[in-house]
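Colleague: Chains as they are written, first to last, in the working numbering: chain W, 1 to 405; chain S, 406 to 810; chain P, 811 to 1215; chain Z, 1216 to 1620.
Calculated from the structure, these hints are not laboratory results.
Just to be clear, a hint being listed does not mean it is correct.
As the list claims (entries may be wrong) - No farther apart than 35 Å at their CA atoms in a straight line, the calculated lysine-lysine pairs in the DSBU-like style are these:
#1 542/S to 1573/Z
#2 808/S to 1618/Z
#3 1210/P to 1390/Z
#4 973/P to 832/P
#5 1237/Z to 1390/Z
#6 310/W to 1356/Z
#7 973/P to 1047/P
Next come the chains, spelled out residue by residue.
There are 4 protein chains.
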Amino acid sequence: MAEVNKVVLAYSGGLDTSVILKWLQETYNCEVVTFTADLGQGEEVEPARAKAQAMGVKEIYIDDLREEFVRDFVFPMFRANTVYEGEYLLGTSIARPLIAKRLIEIANETGADAISHGATGKGNDQVRFELGAYALKPGVKVIAPWREWDLLSREKLMDYAAKHEIPIERHGKKKSPYSMDANLLHISYEGGVLEDTWAEHEEDMWRWSVSPENAPDQATYIELSYQNGDIVAIDGKEMSPATVLAYLNKVGGDNGIGRLDIVENRFVGMKSRGCYETPGGTIMLKGHRAIESITLDREVAHLKDSLMPKYAELIYNGFWWSPERVMLQQMIDASQAQVNGVVRLKLYKGNVVVVGRKSDDSLFDANIATFEDDAGAYDQADAAGFIKLNALRMRIAANKGRKLL
Amino acid sequence: MAEVNKVVLAYSGGLDTSVILKWLQETYNCEVVTFTADLGQGEEVEPARAKAQAMGVKEIYIDDLREEFVRDFVFPMFRANTVYEGEYLLGTSIARPLIAKRLIEIANETGADAISHGATGKGNDQVRFELGAYALKPGVKVIAPWREWDLLSREKLMDYAAKHEIPIERHGKKKSPYSMDANLLHISYEGGVLEDTWAEHEEDMWRWSVSPENAPDQATYIELSYQNGDIVAIDGKEMSPATVLAYLNKVGGDNGIGRLDIVENRFVGMKSRGCYETPGGTIMLKGHRAIESITLDREVAHLKDSLMPKYAELIYNGFWWSPERVMLQQMIDASQAQVNGVVRLKLYKGNVVVVGRKSDDSLFDANIATFEDDAGAYDQADAAGFIKLNALRMRIAANKGRKLL
Amino acid sequence: MAEVNKVVLAYSGGLDTSVILKWLQETYNCEVVTFTADLGQGEEVEPARAKAQAMGVKEIYIDDLREEFVRDFVFPMFRANTVYEGEYLLGTSIARPLIAKRLIEIANETGADAISHGATGKGNDQVRFELGAYALKPGVKVIAPWREWDLLSREKLMDYAAKHEIPIERHGKKKSPYSMDANLLHISYEGGVLEDTWAEHEEDMWRWSVSPENAPDQATYIELSYQNGDIVAIDGKEMSPATVLAYLNKVGGDNGIGRLDIVENRFVGMKSRGCYETPGGTIMLKGHRAIESITLDREVAHLKDSLMPKYAELIYNGFWWSPERVMLQQMIDASQAQVNGVVRLKLYKGNVVVVGRKSDDSLFDANIATFEDDAGAYDQADAAGFIKLNALRMRIAANKGRKLL
Amino acid sequence: MAEVNKVVLAYSGGLDTSVILKWLQETYNCEVVTFTADLGQGEEVEPARAKAQAMGVKEIYIDDLREEFVRDFVFPMFRANTVYEGEYLLGTSIARPLIAKRLIEIANETGADAISHGATGKGNDQVRFELGAYALKPGVKVIAPWREWDLLSREKLMDYAAKHEIPIERHGKKKSPYSMDANLLHISYEGGVLEDTWAEHEEDMWRWSVSPENAPDQATYIELSYQNGDIVAIDGKEMSPATVLAYLNKVGGDNGIGRLDIVENRFVGMKSRGCYETPGGTIMLKGHRAIESITLDREVAHLKDSLMPKYAELIYNGFWWSPERVMLQQMIDASQAQVNGVVRLKLYKGNVVVVGRKSDDSLFDANIATFEDDAGAYDQADAAGFIKLNALRMRIAANKGRKLL
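Okay, chain W solo, but in the shape it has when bound (with noise of 0.2 Å):
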């Protein structure tokens, strides 16, 4: 077992942290940090304090990160279009980044020298933590509890707290049979009757969102306005980005959006089935792409698209902190200069529409694109030229006989 001194703890003040707190102080004979960190998941985080303080902890963080959240990971990422395995929109995978960062820093300021996490060793978590933590600070130790200890079963834990006095909270509401996590982007859903593929999920797990049933019979319709590939303005409201996602959270919920239900592929190797709650992600996506829609060039736009299967693994990976996911990074936001405009869109029951887009950087050209007389701004004429070089290479293949089949 590797000597600590002092190890920064993720700290949410709920029970399994609370547990790994007065594990690592007792495991390790260290000293240990609280980090906790309003991400926007609806929680509040100033009670971890006093816990903290009730388990001996001196040095106690407690960040809002919710603008640095949006700002700089949720951001960036929707700027490519970033979808794991055609569904997923990545609400977990890109809040662990900026913890890790948290975490690392925090280490740097008391001179801790080691991090400590509650992630379990067969998610993705783990990985998203680590690899954060070992490329910003190479030499830092990692303690992950779940990997070590043998509290494996929630009795085993429970009798740890017990004994420990550590306090459990008993919420007027029942104990939550899945595994959850939330942040602005989204919250998460695993576990539980969710185990069988072939089981539906239940209507009473969804927190954020109303069913498409429940949600209103009159549409809702929003104008996002886009600069840099990033939504500044609702309905010609200038927000800043963790409002534009608690907005369109809102109003994405209210109208039975962006609930997902999928089998994933973990890194780690196995398949996992979770369901997800993003509303205003799932706006964000479909808006960002009309406004793209209009404003970037076709090759630019297959090429990141076909780049974005990659980027999207990156960082369900775990390898925000890599140099190749920077590398990409540069080119997506290089590519973003001139996506700005407004996008209009109609919200109906789970529906996300498209029903304008306008741009003063739009490159449609009603004069090229019409079907009626377009005045010689277009030569047909040039197609057939067009068209019979595109072909010469297969006419010459058919010509010599060559089958396709």
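Since the structure of chain W is already known, use the hints to place chains S, P and Z on it.
Modeller: Same frame as chain W, but now just chains S, P and Z:
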């Protein structure tokens, strides 16, 4: 002007291609063979016979190609989860290579040395028809009247029709302001008010689907059975490919599914706006991803995803009958060997929601994925080494003082 | 025929472009501006002035573009280790965008509304010139005489020259049977005996290099110093970009380096055979890969490699002045920030052998790589977990009876 | 420590694997089956039998795998023109999957529950062996002594050998300072002086080839006959795959061909320097590109090129026995249907020069490619439209004031 003896015309029986028929006879002083295909566009094809006969055509081909269309074109394309520019399901693109193939087959059967079609010089369809034709019969002559003649306005066309006694049918319904194209996979709309990208599409434009607002308040559940990536049964009932698609169009359209409004990039170089109704295709895309999610290896799935944009571009651009499309297809088809099983979907007011998937070939392993005790199926300690070596290059770099940005 | 007031002609001073000059004056009855560039082709450019004057040209541009050519075109291209179809170093392709750019700059300066060049209608160069011209000045008229006139045989051309008193220079040496093009990066040969792909190229065709057989029996060693991926010094002596390339051409050519004989695929659709001498470029490619091998992150290097074929294709096809090339370039350039250091090469009878590389930015860590005891720098036990999880998806599949073939 | 009943050991007969053999017997108290393969490494394999018997091994496998190695591994890999990181021909990587396969086949035949190998915990080979083993027999136990034992220095190893009376052979020649590995495709060198990336490799390190300096002053010409992308005859004489490679190694080595000195990126995360001799492989790569240059469609060739880095990475990283490698292989193999014909090469002092290529399946069309009059085979006027439409998106953008930079 090329000398032409006999030309096979893709003939719909409508005004435009009737004018073309006459114009070909007059301009090239050649025999015309007509070819009319039922691709599921929802209009009678048989009436084309009498019209062609009335204009003196002796060789008239009227084919029901619906099964071939879905089996050999639509289904193979959906095996790749093909989407162009993030949105478009390629409904028009995928029908053109079949028409090209039949035009050439008929040319070979009838000894024709040329083909002709009614696509304009601004669009993608001319490219798709002609690339296919050249690839399959390299010496064929292609006559594209819209690139040659001077009948470029509707008035001139009508005058020509009147002068040559070509009957102009008056439907009860008003002439649509849109340029439309339909087949079993979709119906498309271009032109008219759509040429203003900011203008909302009109509700009465849509032909195949009710609006989500007008869809039933009760959800519809369906089960799709897959074999080698293709749907072979719905709700346990075996169906032919065309029947599958027709059924899904019906149930999808009834539930307000599959409308799309986009600005796309044409191969000939301009942006254009199109609206599409693809009820069945929208369901198929969602279902296919779901069955793949439990049956496909992760890296196979990611490799497919990374090549999909290229594959979609090939189809959009008209390169179906190219060796590179065939080569990609072989890889895609090979990946589908175990894409077998059943997907359960909920259809509700425009939404297609996956609610279950199962397969004898499932790679989902509940024992390993579980949040509960897995009885040693997975050794969490392995993750530490996995992460350490994945991080090694970044740790070395950071140790040497390398910064990420 | 388009109406033209003034045209800028890419003018070499040779027979062909002199005929074009006269033909433009006669055919378009317009003023001609000549532009002659020294790109390092090894021929005097100044004589073009008198010839142009003799034909009444008033605006004559003669530019030494060697530094700009290497600094802004050749060097950026080599940062990507660019090779077309596995072999070709793009010597011709990379010069064309610079000429296109100057043609347009001169057109803007002189108020010309057209440009003209001497490239044939079968080759890639017409595409490269014209795509660049259109991208930089979208309304420009392009006159490509070889696609327009009827002087398609050498006899007719000579007759035209004689008739118009265009002087035909008689070199001491016999007229080459090859179509050649040269600049500081390479000299190319096409046509003649090369049109038979089985015929061996003739030794006396080559102009810039001795054969390996005739190269010195003693090897030459050189050290290339890199900064941000570009060579800034040779054997410790700082040199400008053009001087670097000229020097490497000399030492490479002296050692029989850089000859190539290939069949390539042209953008216009046919295969053609070309022979190329690229002594300096061949050394640069080898050297650049070597300096990258110790300074570049693995995944950055692999990402670059995966995009290189696309980047090479863009340059070959004439899309240097396209947004997608610019976008790729930004990523490539960003990757070169730490590509600094020295490479030592041995040149011997056609061989370029890397014998050493060093860098303050090296990521090579002898302590970790060593076969000797590494004092704990690397924990071999990590590898077990790394392998286990990399294998997990395949173990699960095999456990479920999935076969690979 | 896992309980093991019987283990199959990849046994060379040398000191290291003899120590492992003994160590396995002692440590795991289990039966050991030895497997020794002739992959063309150039050493006798039969002596391994007596050594194994002397240590009490009852089941001894000695296989000549040369034909299988070249036919099923080397040849398929060369169909893709596979090169790792621009330089490395993957000589070691491609042999490992065959050994993994045989280890598992023997485990199945002998009822063994484990395999073992002598690869270290720092290298790629452990990964390649073990990924293959796990993919083919998911429940197999893997014993990698170098990751487990404490015999980490040569002294301890020698002490162990002495203590257990394992004979240490004294060759006449001095022990090489390099870690070497050989098979029919190549011989590799690592360690020793090579751990300094600036130090030149020593001439007396190389075993298989003469230096270019010492190669004959007379060039050697050979003709390679291809069928479906594989060499089936040399100079008109039909040969088996292994015979082809042995022949090319001989003639290549005699002409100083195939030496390489690189720094490469290992899958486990560090950079390492390796020197390689691959005489036959170097010739094969050049020859295969040449035969493809006349027989492969352009876009098929470019698609192959764009996927090659991924394919090379898969093989380098040990994923030969993965579904994604199999999937890529199907595409690659399909592309080779018409890669038939003859390539003529000149070998001279390290150089492999293509001097001719011919094929009944050639797509080279001299009539179209010619610089002479082509009698109308190609209409130069087509190029104007081709260029115009390729430029259209850029012209529109420039017209709207869009700048490239």
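Colleague: For each hint, tell me whether it holds in the structure or not.
Modeller: Against the structure, the hints:
The straight-line distance between the Cα atoms of residue 542/S and residue 1573/Z is roughly 25 Å, inside the 35 Å bound, and the hint therefore holds. For the given pair, residue 808/S sits about 32 Å from residue 1618/Z by alpha-carbon distance, which is consistent with the 35 Å threshold. The hinted pair formed by residue 1210/P and residue 1390/Z fails the criterion: a straight-line CA distance of about 48 Å is larger than 35 Å. A threshold of 35 Å between alpha carbons decides the hint, and for residue 973/P with residue 832/P the separation of about 11 Å falls inside it, so the pair holds.
With a C-alpha separation of about 23 Å, the suggested pairing of residue 1237/Z with residue 1390/Z holds against the 35 Å cut-off. With a C-alpha separation of about 33 Å, the suggested pairing of residue 310/W with residue 1356/Z holds against the 35 Å cut-off. Annotation: proposed proximity of residue 973/P to residue 1047/P is violated, straight-line Cα distance about 54 Å (limit 35 Å).
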